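Make the full structure from the sequences, and use the hints.
According to numbering that gives the first Met the number 0, numbering within the sequence shown proceeds without interruption in unit steps and concludes at 183.
If you're looking for bench data, these hints aren't it; they were derived computationally from the structure.
All figures in this text were calculated on a predicted structure; none of them were measured in a lab.
Note that CB positions come from ideal geometry on N, CA and C, so glycine has one too.
Any given hint could be a false lead.
When the alpha-carbon atoms are kept at most 27 Å apart in a straight line, the in silico DSSO-like pairs for lysine-lysine are as follows [said to hold, decoys possible]:
{"#": "1", "residue 1": "K86", "residue 2": "K138"}
{"#": "2", "residue 1": "K78", "residue 2": "K170"}
{"#": "3", "residue 1": "K45", "residue 2": "K86"}
{"#": "4", "residue 1": "K138", "residue 2": "K41"}
{"#": "5", "residue 1": "K41", "residue 2": "K86"}
{"#": "6", "residue 1": "K56", "residue 2": "K45"}
{"#": "7", "residue 1": "K93", "residue 2": "K56"}
{"#": "8", "residue 1": "K101", "residue 2": "K38"}
Label pairs and their computed distance ranges (CB to CB) [unchecked claim]:
{"#": "9", "residue 1": "E92", "residue 2": "L166", "range": "21 to 29 Å"}
{"#": "10", "residue 1": "K138", "residue 2": "R49", "range": "29 to 37 Å"}
{"#": "11", "residue 1": "V114", "residue 2": "T68", "range": "17 to 25 Å"}
{"#": "12", "residue 1": "I139", "residue 2": "S178", "range": "20 to 28 Å"}
{"#": "13", "residue 1": "K170", "residue 2": "K140", "range": "37 to 45 Å"}
{"#": "14", "residue 1": "V130", "residue 2": "K41", "range": "22 to 30 Å"}
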Amino acid sequence: MANFKIKKMKIILFVILLFGLPGVVFSQNKMQTQTVKSKSKKEIVKILNRFLTDQCKKGTENTSGEIVTIEKPYTITEKNILDVAIKTIHPGEKSYTIVSKKVNLSDIINIVKDVNVLFITRENTVEYNAVEYNEDGKKIKEETSIDTNFFTDIHTAGNLGFRRSILAAFKNAGFPIVSEYWYD
Numbered sequence: 000m001a002n003f004k005i006k007k008m009k010i011i012l013f014v015i016l017l018f019g020l021p022g023v024v025f026s027q028n029k030m031q032t033q034t035v036k037s038k039s040k041k042e043i044v045k046i047l048n049r050f051l052t053d054q055c056k057k058g059t060e061n062t063s064g065e066i067v068t069i070e071k072p073y074t075i076t077e078k079n080i081l082d083v084a085i086k087t088i089h090p091g092e093k094s095y096t097i098v099s100k101k102v103n104l105s106d107i108i109n110i111v112k113d114v115n116v117l118f119i120t121r122e123n124t125v126e127y128n129a130v131e132y133n134e135d136g137k138k139i140k141e142e143t144s145i146d147t148n149f150f151t152d153i154h155t156a157g158n159l160g161f162r163r164s165i166l167a168a169f170k171n172a173g174f175p176i177v178s179e180y181w182y183d
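Here it is, written out as structure tokens:
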């Protein structure tokens, strides 16, 4: 009788290991993959913010004499939404504009550079919101739009390292993109 109970317990243990172990291993692999992807999303944000910040430090005045600053640095939400807000001060007009833009990482298909670095996305997936304020901070007007191009506000020359690192970060995060054109 004792041998029967031992055999029965061995069979039960074998069945548990047979069916339970692959689930545990798969679960651990899935958690490791999610951790790598999460770190890679943080790397995307880190790269974008580093280059945007460096550019703002080098010279924030654009060709029109406007001053460009970072209102809200790049972030990626839990739903994979990449967003940023840029403030442009218009000294001659005594006003400023804050442009917020966002896009889902899964909608980005290409990164290119001519004068600016921009993400090309699926059609009409980039949301822009531009709010203009007077010098006292009173809202003058607000416009929203949908586009296919996500302007990163990064345009410094000689940034092939940026290109390589951002492509790798997107791939590691599970959002592989291509880069067809890169002109300095």
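Hint-by-hint comparison with the structure:
1. For a cut-off of 27 Å, the pair hint linking K86 to K138 stands: about 14 Å separates their Cα positions.
2. For the suggested pair K78 and K170, the alpha carbons sit about 17 Å apart, so the restraint of at most 27 Å is met.
3. The hinted pair formed by K45 and K86 meets the criterion: a straight-line CA distance of about 20 Å does not exceed 27 Å.
4. Distance check on the hinted pair: K138 and K41 sit about 33 Å apart at the alpha-carbon level, beyond 27 Å; violated.
5. A threshold of 27 Å between alpha carbons decides the hint, and for K41 with K86 the separation of about 23 Å falls inside it, so the pair holds.
6. For the hint linking K56 to K45, the alpha-carbon distance of about 16 Å falls within 27 Å, and the restraint holds.
7. With a C-alpha separation of about 23 Å, the suggested pair K93 and K56 falls inside the 27 Å cut-off, and the hint holds.
8. The hinted pair formed by K101 and K38 meets the criterion: a straight-line CA distance of about 20 Å does not exceed 27 Å.
9. At about 39 Å, the CB distance of E92 to L166 disagrees with the hint of 21 to 29 Å.
10. At roughly 32 Å, the beta-carbon separation of K138 and R49 lies within the given 29 to 37 Å, and the hint holds.
11. A hinted range of 17 to 25 Å holds for the C-beta pair V114 and T68, which are about 20 Å apart.
12. Between I139 and S178 the CB atoms are about 38 Å apart, so this pair departs from the stated range of 20 to 28 Å.
13. For the pair K170 and K140, the supplied restraint of 37 to 45 Å holds, since their beta-carbon distance comes to about 40 Å.
14. In this structure, V130 and K41 meet the distance hint of 22 to 30 Å, their C-beta atoms being roughly 28 Å apart.
In terms of the numbered hints stated before, the structure departs from hints 4, 9 and 12, listed from lowest to highest.
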